[in-house]
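Visitor: Sequence:
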Amino acid sequence: MALKQDGALSSESGLTSKSRGARISQLVASLKTSATNAQRPLLELLGEKTMTPAAIRTFWISNQMLIVNASIELVRALELEHGSSIAEIHEEQILTMNNFNVERTDLISGVDAEADANVQTWSVGKIGANAVWKMGVTGVNVTVATIDTGVRVSHEALRDNYRGDHGWFDPESQSGVPYDLSGHGTHAAPYGLKLPSVVQPSSPLAGYCSPLKGTGTA
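Final position of the sequence shown in the UniProt record's numbering is 218; the numbers increase by one with none missing.
No wet-lab data here; the hints were simulated from the structure.
Here the structure is a predicted model, which is why all the values come from computation and not from measurement.
Not one of these hints is a red herring.
Within a straight-line C-alpha distance of at most 20 Å, the following computed EDC-like cross-link-like pairs (lysine to aspartate or glutamate) qualify:
hint, residue 1, residue 2
1, K32, D6
2, K4, E88
3, K49, E81
4, K4, E91
5, K4, E79
6, K4, E92
7, K4, E81
8, K49, E73
9, K32, E44
10, K4, E44
11, K49, E79
Ranges between beta-carbon positions, derived for each pair:
hint, residue 1, residue 2, range
12, E172, H90, 18 to 26 Å
13, L95, A145, 18 to 26 Å
14, R163, G136, 19 to 27 Å
15, L43, S123, 44 to 52 Å
16, S123, W60, 39 to 47 Å
17, P41, P171, 20 to 28 Å
18, H90, S25, 26 to 34 Å
19, T96, R57, 17 to 25 Å
20, Q93, S71, 16 to 24 Å
21, S25, E81, 30 to 38 Å
22, L95, S123, 25 to 33 Å
Even for Gly, the Cβ is constructed at its ideal location relative to N, Cα and C.
Make the full structure from the sequences, and use the hints.
Guide: The structure is reproduced here in structure tokens:
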């Protein structure tokens, strides 16, 4: 269930602090306050309906609520009493990937891999990225993020570019250390990093995210 957002939070105009860290803290505090105030009446109603706290999850960053096994009667009661503050109500969507085996094979030697790293692949020219480079757009100081099955940052194509601080988020297992559930995310991540064969050759940073367990997108 998504609640209507406070219009004052739709822009950064209300952020008065000058430093980036202070602005982030101010925005987080505003989002939490807004979500708490918006969700409080609904939580009170859910409590009256004998919903246990374990059956309810709240999300301050998006001002949403997840109600496990909500009955149609409960949904109607929420719409009747708090419909003006609710943006939408829908069932949780869970997307999964089919299980598959990943065969680990070293196709080329370390020496060949080092040499091939300096070769521009055909795909770069196919999408016209090299023409953009000539215009001076090379991705300098750009943070590239992937939302996938995770990432193995020890991979030779990624380890020198990993952002580190604030560069990983795992909503499923809450792991503070990057990992990859299946290898798909590690395969896809280099496409936006500082490599001759990818789109942003001068991008020095990379942030990685892991979605819900067993899912991924290219």
